[in-house]
Every structure is written in C-alpha cells, then in structure tokens.
Amino acid sequence: MKEKEGEEFIRELEFSNSEFANILFGPFGKNLELFRKKFKVEVHSSGAKLYIKSKDLKKINLFCDFLSQAYELIRRGHLLLENDLSYAIDIFLKEPKDDLLSFFKENVLVVSGKKTISPKSINQKRYLEAIKKKELVFGIGPAGTGKTYLGVAMGVYFLNQRKIKRIILTRPAIEAGEKIGFLPGDILEKVNPYLRPLYDALHDFLDYEKVKEMIDTGVIEVAPLAFMRGRTLNDAFIILDEAQNTTVDQMKMFLTRIGHGSKAVVTGDVTQIDLPKGVLSGLIHAQEVLKNIQEIEFVYFNEEDVMRNDLVAKIVKAYEEYEKKRFS
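Going by the numbering used here, the sequence shown opens with residue 26, and the numbers climb by one from there.
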C-alpha cells in the first residue's frame, strides 16, 4: 500500500485473490462507478490492484475500511451482486462501526426450503428483530420497503418453526375509491383482487400447491378485515396490510382480536390514505395511543429503504424529471 501527500492522496491496494477482486470490482469494472458515486473518491483498477485518489484522506480511509469488509464477505461466500453491494455501502455509510459480515451473514433467515432472506437496510434489520421479540409491531413507510413482504416471510418462518399454528393475512377491502359492489361474484370473489398482493408474497416462500393446501385446511387464511370482527385469534401470526385505510374503530377491532400465543404485524403508508375526507386513519391514531406500551414497537421506513429494480428506479426518475420540467 502506497500513500503520497501533496495536492492529493493516493492509495494503492492489492488483493490476494484476483477472482474475489473481480467480483468486488464487478464485470468490466462496473462497480467502480458505484464506488466513485457513493464514496466521492477517484477509483481505477488494474488486475487485482485498486488505485484510490482524493484530496480528503478521511474519505480514502473510510473507503478502504469498506473494501476490507466487502472483500471478506466475498471471501466467505457472499456474492455481493450489484444491488447487494449498493445496500452494503448504504448500510456502511450510515453505521461505519457496524460489522457488515455479521449484518449480512448472521441475519440470514431461512424462511422455508424455497427461500432465505436477509435485511437489505438497517430499518429492515430493526423490523425483523422487532417481529422476533415483540408481540405487536407496526411497520410504517412508503411502498417498496419490504414491510408486507418481510412480514409474510416472518409468518412462514414462525409457522415452520412451529411457534404458531396458522397465518392470517388481512387488509381493508375498499381502496382508492373503488366499490366492490359493482364487481362480479360473491363477497370473497369481490375482495380477492384487493388481497392478491398477500397471495403473491406467500407464493414467493411456498409452492403454489402448498399454499392452496394450507388455505384449504385453514392453516393460512387470507381475508378482508371485516371478517376479523368478533373473533379471538390464538396461536396465530396475523398481518394487517394497508392499515392506513382503516378507521379508528376498525384498527381497535383488529388489535383486540390478538389472542394468546399470537404475534401481529401492522403495515401501512400514512402518505397514501384513501379514506373519505374527514375520517381519521386508524394507523395515525394508533401511533399516538399506543406509543408507550412496551410490548409494541413502531419501525419507520423511508425512501432510502425502497428496494427497487434498477430499471424501475430509472423509470421513476424519468417521470420525476418530466414532471419538474412540465411545471417549472
């Protein structure tokens, strides 16, 4: 390792394994641009060597600390694909003293034989830990942050661990001003489109036939919120999704359904409320009413936790830029 001081600092790193170095640098050095953008340093590679240049020595040292941890992750078998690498950098920059190895390796959750998951952000890690420890957890934040997906994953995990006997997934049936009375079929067929995202999450962790069998035998229940009234749900993992669209009475009704040996997860985005004007959201109300109860934890997500496909991120950005030009 070399270092020169003058107008700029230059550091040279050489990695002992060229194959691992290539994974770290990415195909054709693709990850180097990500490093430049995130750490604000100049980076160039040659074989298994990396050359780092900046006028700020602290930035170089911070980047080198990250590279050391990322290289160790790869050496231990974590591939660190492009999205993983970006998440790893974001996590590191928020908490430089945290150990990435423990974050990525020790927090891997074997949900089922079909799927394993690991947190992709610090808030996702807090969310998973809260669900393990608390009886009731609220996951609040924008779409795409993994609130529902990770909630369902934990439900399947607890079921496979035999810590609960059934999974119950529910959400308000009427959203975005749509009226189910005009849809064909009986009440279950009418509300099925609203429940589809919950089915999609289940199928990510369990085979289609397994999900069908569990629904037929009552081990998994997917139902509109109205179906929860008058019940006491024991030994269950219960998820209330899209909770921003519950009224105060509906939220109270749901929360008082939680029985012995059960866990509940409530998810929602308070910026996407579709209730009639003047009707208070049960999710907003619950945050104030329940904030001092020890057995309950609120985990808040933000835009930085959104896990988007790279193409989707570009599409969203293009629309945002278009709207800015249109109204400027």
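Since the hints were derived computationally from the structure, they do not count as laboratory data. Since this is a predicted model, take the numbers as computed values, not measurements. Note that CB positions come from ideal geometry on N, CA and C, so glycine has one too. Some hints here could point you the wrong way.
Said to hold, decoys possible - Across the chosen pairs, the derived CB separations fall in these ranges:
| id | residue 1 | residue 2 | range |
| --- | --- | --- | --- |
| 1 | G72 | E348 | 44 to 54 Å |
| 2 | H69 | K122 | 39 to 49 Å |
| 3 | S127 | E328 | 24 to 34 Å |
| 4 | G255 | F352 | 45 to 55 Å |
| 5 | T242 | E345 | 19 to 29 Å |
| 6 | S127 | T272 | 54 to 64 Å |
| 7 | E320 | E39 | 48 to 58 Å |
| 8 | L305 | A343 | 49 to 59 Å |
| 9 | E32 | I340 | 34 to 44 Å |
| 10 | P222 | E32 | 29 to 39 Å |
| 11 | E32 | E328 | 43 to 53 Å |
How the hints compare with the structure:
no. : hint                      : in the structure
1   : G72 <-> E348: 44 to 54 Å  : holds, 45 Å
2   : H69 <-> K122: 39 to 49 Å  : violated, 28 Å
3   : S127 <-> E328: 24 to 34 Å : holds, 26 Å
4   : G255 <-> F352: 45 to 55 Å : holds, 49 Å
5   : T242 <-> E345: 19 to 29 Å : violated, 47 Å
6   : S127 <-> T272: 54 to 64 Å : violated, 42 Å
7   : E320 <-> E39: 48 to 58 Å  : holds, 52 Å
8   : L305 <-> A343: 49 to 59 Å : violated, 36 Å
9   : E32 <-> I340: 34 to 44 Å  : holds, 41 Å
10  : P222 <-> E32: 29 to 39 Å  : violated, 55 Å
11  : E32 <-> E328: 43 to 53 Å  : violated, 37 Å
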